[in-house]
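*Asks:* Note that the protein sequences, when read in sequence, are chains Y and V. Under my numbering, read the first sequence as residues 325 to 434, first letter to last. Under my numbering, read the second sequence as residues 202 to 337, first letter to last.
To be clear, the hints were calculated from the coordinates, so they are not data collected in a lab. Please note that the accuracy of each hint is not assured.
Below, a list of computed lysine-lysine pairs in the BS3-like style, where the Cα atoms sit at most 30 Å apart [stated by the list, open to error]: (1) K390(Y) / K257(V); (2) K298(V) / K229(V); (3) K327(V) / K391(Y); (4) K229(V) / K215(V); (5) K390(Y) / K327(V); (6) K298(V) / K419(Y); (7) K318(V) / K229(V); (8) K391(Y) / K274(V); (9) K419(Y) / K229(V).
Taking CB as the label site, the calculated pair distances span [said to hold, decoys possible]: (10) S271(V) / T355(Y): 40 to 46 Å; (11) G432(Y) / L205(V): 33 to 39 Å; (12) H254(V) / T422(Y): 41 to 47 Å; (13) K390(Y) / D233(V): 32 to 38 Å; (14) I329(V) / T355(Y): 22 to 28 Å.
Treat the numbers as computed from the prediction; the structure is a model and nothing was measured. For every residue, glycine included, the Cβ atom is placed at its ideal position computed from N, Cα and C.
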Amino acid sequence: MEISTKEYRRAAIVTVSGRIDTSTSNQFEETINDLIDNNQYNMVMDFSDVDFLSSSGLRILVTTRKKLREMGGDIVLANPSQRATDSIEIAGLDKLFTSYPNREEAIGSF
Amino acid sequence: MVNLHITVPAYHAKIENLCILAGEAAIKAGFDDRTAYACQLAIGEACENIINHGYKEEGIGDIELSAETSPGKIILILRDSAPPFNPAVEPGPQHWKEEDPPVGGLGLLIIHRVMDKVTYSRTGGKNILELHKTEN
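Chain Y on its own, in the form it takes in the complex (with noise of 0.2 Å):
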């Protein structure tokens, strides 16, 4: 998994690619937890070049969501890739992610 961040006044950007799952969740939660603790409430996660994305990877999202809207935030997908999709909608939180089709627009729904 590779895993960067791009700080924009609205919100972050969170750009993942490879697996998202158990050996991988750590680095994934660890760097969100690094952008909450600067302050940053709003997320858009680019997934679209995500190519596996297990429970573990699901949990981070549901108790980061959870977390986000609590400080008045929240965590939004941009262009989330088939796989990635398939896994959410699996798990049934589709309806809790909204999905943008890229990152401009997923920054302009904060």
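Guided by the hints, dock chain V onto chain Y, whose structure is given.
*Replies:* Chain V in isolation, oriented as in the chain Y frame:
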């Protein structure tokens, strides 16, 4: 029928190898990419459970995966030597509120949603989990 087999030490980082084999087997059975991914996902979840809930730590046993494929059908068989752990019991209906979504049990839910049949047995000191998928 095509049979594929792999054994790996029970480390989280090795789960990817098992997923790759499951995906290859699904393609050999004639499934499309999305169904092959669903099979990979089920194997990934089952293996996370074996390590986290069966062995309870990494590196103290192995995980074996056998894939039996024929046109339009795949049977994925996982074997491990952890204490008895049965993931074949289907989770009950999911009743949750949008403000309080679930964080536990997602792995089992995914396995049962993507596979047609899940069976568990214990033979010779090993857990044997069979995941069946047939083309619709």
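*Asks:* Does K391(Y) lie within 30 Å of K327(V) when you go C-alpha to C-alpha?
*Replies:* Judged against 30 Å, a Cα distance of about 41 Å means the pair is violated.
*Asks:* That 33 to 39 Å hint for G432(Y) and L205(V) (C-beta), does it hold up?
*Replies:* violated (47 Å)
*Asks:* Next pair to validate is K419(Y) with K229(V); report whether the Cα-Cα distance is within 30 Å.
*Replies:* Outside the cut-off at roughly 34 Å; violated.
*Asks:* For the pair supplied as a hint, K391(Y) and K274(V), is the alpha-carbon distance within the 30 Å limit?
*Replies:* violated (42 Å)
*Asks:* Keeping to a limit of 30 Å between CA atoms, is the pair of K318(V) and K229(V) held or broken?
*Replies:* Distance of about 20 Å is within 30 Å: holds.
*Asks:* Is K390(Y) within 30 Å of K327(V), Cα to Cα?
*Replies:* violated (39 Å)
*Asks:* Go ahead and decide if the range 41 to 47 Å is satisfied by the Cβ distance of H254(V) to T422(Y).
*Replies:* Given range 41 to 47 Å: violated, Cβ gap about 33 Å.
*Asks:* Between K298(V) and K419(Y), is the straight-line Cα distance small enough, at 30 Å or below?
*Replies:* holds (11 Å)
*Asks:* Verify the proposed pairing of K229(V) with K215(V), using a straight-line Cα cut of 30 Å.
*Replies:* With Cα atoms ~22 Å apart, K229(V) and K215(V) stay inside 30 Å; holds.
*Asks:* Take the C-alpha atoms of K298(V) and K229(V), compute the straight-line distance between them, and say whether it is at most 30 Å.
*Replies:* violated (40 Å)
*Asks:* Hint says 22 to 28 Å; check whether the CB-CB distance for I329(V) and T355(Y) agrees.
*Replies:* violated (38 Å)
*Asks:* Does the alpha-carbon distance linking K390(Y) and K257(V) stay inside the 30 Å limit?
*Replies:* OK: K390(Y) and K257(V) at ~28 Å, within 30 Å.
Hint compliance for this structure: hints 2, 3, 5, 8, 9, 11, 12 and 14 are broken, all remaining hints hold.
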